[in-house]
Amino acid sequence: MLSSPVWRGPPALAFRAGLLLGGALSAAVLLLVGSLLRAPLPGWARWAAVALALLAVLLRELRVLRFALPENRRLVPESVFRLGRLLGPLQFGVEMGTGARTYLPSGLPYAAAAAVLLTATPAGALLAGVGFGLGRALMTTAALRHPGDWHALWGRWSARLAVVLGCAFTAALAGAFLAG
Numbered sequence: 004m005l006s007s008p009v010w011r012g013p014p015a016l017a018f019r020a021g022l023l024l025g026g027a028l029s030a031a032v033l034l035l036v037g038s039l040l041r042a043p044l045p046g047w048a049r050w051a052a053v054a055l056a057l058l059a060v061l062l063r064e065l066r067v068l069r070f071a072l073p074e075n076r077r078l079v080p081e082s083v084f085r086l087g088r089l090l091g092p093l094q095f096g097v098e099m100g101t102g103a104r105t106y107l108p109s110g111l112p113y114a115a116a117a118a119v120l121l122t123a124t125p126a127g128a129l130l131a132g133v134g135f136g137l138g139r140a141l142m143t144t145a146a147l148r149h150p151g152d153w154h155a156l157w158g159r160w161s162a163r164l165a166v167v168l169g170c171a172f173t174a175a176l177a178g179a180f181l182a183g
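Numbering (our numbering), first residue to last: 4 to 183.
Rather than coming from a laboratory, the hints here were simulated on the basis of the structure.
Any given hint might turn out to be false.
[Unchecked claim] Cβ pair distances, simulated, as ranges:
| no. | residue 1 | residue 2 | range |
| --- | --- | --- | --- |
| 1 | 157 | 75 | 18 to 24 Å |
| 2 | 88 | 51 | 28 to 34 Å |
| 3 | 183 | 148 | 34 to 40 Å |
| 4 | 147 | 174 | 26 to 32 Å |
| 5 | 85 | 166 | 22 to 28 Å |
| 6 | 45 | 174 | 21 to 27 Å |
| 7 | 157 | 62 | 19 to 25 Å |
| 8 | 144 | 42 | 36 to 42 Å |
| 9 | 162 | 84 | 18 to 24 Å |
| 10 | 86 | 106 | 21 to 27 Å |
| 11 | 86 | 178 | 39 to 45 Å |
| 12 | 58 | 156 | 38 to 44 Å |
| 13 | 43 | 144 | 27 to 33 Å |
C-beta atoms are modelled at their ideal positions from N, C-alpha and C, and glycine is treated no differently.
Generate coordinates for the entire structure from the input sequences, incorporating the hints supplied.
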């Protein structure tokens with residue numbers, strides 16, 4: 004599938020635009036639902052819930068805890084192709100950008116979702132959503148452009164990357180806490 008002509012030229016741009024749009028849509032929904040959830044909670048309780056979610060995800064990333072997170076493990080549906088060269092990739096990009104399509108190689112988006120749900124401003128939510136879409140675009144682009152066996156390389160380095168990304172995410176969240 005990734006060697007398909009759908010992943011080059013304008014269809015690839017439509018797919019990446021869909022990833023960004025999907026991430027922004029997810030963030031908007033989380034922000035809307037979160038506005039109802041956070042109203043009765045004091046700030047310290049909201050941040051404590053985010054910290055607990057982050058701790059659980061980090062322990063899962065380090066393989067200290069083992070639990071499943073909700074994800075859709077199906078790949079590209081054939082129905083995407085019936086929409087044409089641009090709308091098909093755009094639709095799939097939106098679905099993948101929301102996190103509703105295919106698996107997530109990390110649990111960190113769930114911690115980000117908790118942070119958006121309980122603490123984000125509208126601008127922060129939009130940045131988080133677009134960041135999620137950009138991250139997904141980076142992963143697909145890296146897999147397509149890597150000259151060797153990208154999946155083998157990912158398998159070899161994913162545990163170390165989980166530590167680095169977990170530390171970076173924790174630092175960013177701590178910065179948001181201190182700034183807010």
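Each hint, compared with the structure:
no.: 1; hint: 157 x 75: 18 to 24 Å; in the structure: holds, 20 Å
no.: 2; hint: 88 x 51: 28 to 34 Å; in the structure: violated, 48 Å
no.: 3; hint: 183 x 148: 34 to 40 Å; in the structure: holds, 37 Å
no.: 4; hint: 147 x 174: 26 to 32 Å; in the structure: holds, 30 Å
no.: 5; hint: 85 x 166: 22 to 28 Å; in the structure: violated, 42 Å
no.: 6; hint: 45 x 174: 21 to 27 Å; in the structure: holds, 25 Å
no.: 7; hint: 157 x 62: 19 to 25 Å; in the structure: holds, 22 Å
no.: 8; hint: 144 x 42: 36 to 42 Å; in the structure: holds, 40 Å
no.: 9; hint: 162 x 84: 18 to 24 Å; in the structure: violated, 35 Å
no.: 10; hint: 86 x 106: 21 to 27 Å; in the structure: holds, 23 Å
no.: 11; hint: 86 x 178: 39 to 45 Å; in the structure: holds, 41 Å
no.: 12; hint: 58 x 156: 38 to 44 Å; in the structure: violated, 29 Å
no.: 13; hint: 43 x 144: 27 to 33 Å; in the structure: violated, 42 Å
Checked against the numbered hints above, the structure violates hints 2, 5, 9, 12 and 13; every other hint is satisfied.
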